[in-house]
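S.K.: Chain by chain, the residues run as shown.
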Amino acid sequence: MKLAFLSGKGGVGKTLVSTNFARLIPEAVYLDCDVEEPNGAIFLKPQIEQVLEVKVLNPEPLLEKCQGCRRCVAFCKFYALAYVGQLMVFPELCHACGGCWTLCPAEALQAKERVIGKIELGRSGELLTRVGLMNPGEATGVPIIKQLLRELPPEKMVVIDCPPGSGCAVLESLKEADFAVLVAEPTTFGLHDLEMVCELVRFYQLPAGVVINKQTEERVEVEAFCARHQLPVLGKIPYQAKTAALYGAGKLIVDEDPEARQLFAKIVETVMEVATIETDRHLKR
Amino acid sequence: MKLAISATGSKLEDLMDQRFGRAAYFLIVETETMEYEAIENLGAAAGGAGIQTAQKVIDQGAKVVITGNVGPNAMQVLQAAGVKIYTGNPVSAQELVELYQKGLLKEIETPVAAHSGMK
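Which chain is which? The protein sequence lines are A and B, in order.
Going by this note's numbering, the first sequence opens with residue 1, and the numbers climb by one from there.
Going by this note's numbering, the second sequence opens with residue 1001, and the numbers climb by one from there.
Because the hints were derived from the structure by calculation, they are not lab data.
Heads up, some of the hints might be wrong.
As the list claims (entries may be wrong) - For lysine-lysine, the following DSS-like pairs were computed, each having C-alpha atoms within a straight-line distance of at most 25 Å: (1) B/K1056 x A/K77; (2) A/K175 x A/K55; (3) B/K1063 x B/K1084; (4) A/K156 x A/K118; (5) A/K118 x A/K45; (6) B/K1056 x A/K65.
Given the structure is predicted, the values throughout are model-derived calculations rather than measurements.
With the rest of the complex left out, here is chain A:
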């Protein structure tokens, strides 16, 4: 079973929920796909066993062969190429699609490997960790996420900590998932972005449920939204100072706070139950 934790809005608690969740599942794999700002390792403190480079193929111009036809410039949707009497390439804008060298009639562009980030493979107790790190200034972390999701041990539970938002990096992180855990906070922005990711998982027909973080008694809009959209509420984490203090100190709340451990044990149970039912139902469809 592969579970993706996403939220739309940033700062809602994807990492809080996914790291504490993973801690309670022996022999799971935790993937940090938030490659622009991965912070799961702050809490899980894995021992790094291996570091892999992530490379992409970018075009390298062979200026003496270029005939100035500009097909590559016209093709590139990311403006990574310009022609001003000579061909210019801007690798940090390149999304590595390979279109430019495929189209070039003069073989004036060749593919060249470039490192855009790395993956740290580690272990935190029984838990296996894979953390993706994108180099600053890169256009996209998608190739790193693709590599993170490759060759996952099929017998293991996989916890995927997604990036915020609902863009390309999030879609890529969802590709292998069987079930989505939408982490939401009961604020106006939180609800707005929950609506966006809800639309996203519905579009991909990915079964989903919601964990409400920073829950208070007076804010009920997220629960009302879940009820309206038949989204199961998988758990609620109360808004309280001790949780924030532990999180701020880089601690896993399930390790430090017995109440939180009990709460998360229940969330794990509920998620497993609902995810199993929903994915079965989904497979039958």
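Using the hints, position chain B against chain A.
M.R.: The following block gives chain B in isolation, referenced to the frame of chain A:
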């Protein structure tokens, strides 16, 4: 000679746009006749606006650009094409052409930080 001025509107009376890559319009002015053409700069949504805009301005045949700030990528493209870049205050395009002709505008050869036009 052709000048390209980043502008907030499509007329010579309109003010200069401080941004290069994300300028609303470019006024391509033929300095000998003062005839001009306005091109709307329907630029890149995400990245690469500077490169795309530089390419467009060069393709229009401009040898001089008058603008506020130019980022690193756009600067590289403009310089590779031998285009000179002058910076002015956000006054009207008309005024900037006159200031340029009197030699009162400052030439720039160093870019501002990337994505400055997105703030």
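S.K.: Between B/K1056 and A/K77, does the CA-CA distance stay at or below 25 Å?
M.R.: holds (15 Å)
S.K.: Given the hinted pair A/K118 and A/K45, is their alpha-carbon gap at most 25 Å?
M.R.: Holds - the C-alpha atoms of A/K45 and A/K118 are around 17 Å apart, at most 25 Å.
S.K.: Sort out whether A/K118 lies within 25 Å of A/K156, counting only the CA atoms.
M.R.: Roughly 23 Å separates the two Cα atoms, so the pair holds.
S.K.: So if I understand the rule, the pair passes when the alpha-carbon distance is 25 Å or less; does B/K1056 with A/K65 pass?
M.R.: Between B/K1056 and A/K65 the Cα gap is close to 24 Å, so the pair holds against 25 Å.
S.K.: Is B/K1063 close enough to B/K1084, meaning Cα to Cα at most 25 Å?
M.R.: This hinted pair holds, its Cα atoms lying about 6 Å apart.
S.K.: Within a Cα-Cα threshold of 25 Å, do A/K175 and A/K55 meet the stated pairing?
M.R.: holds (20 Å)
When each numbered hint is compared with the structure, no violation occurs for any of them.
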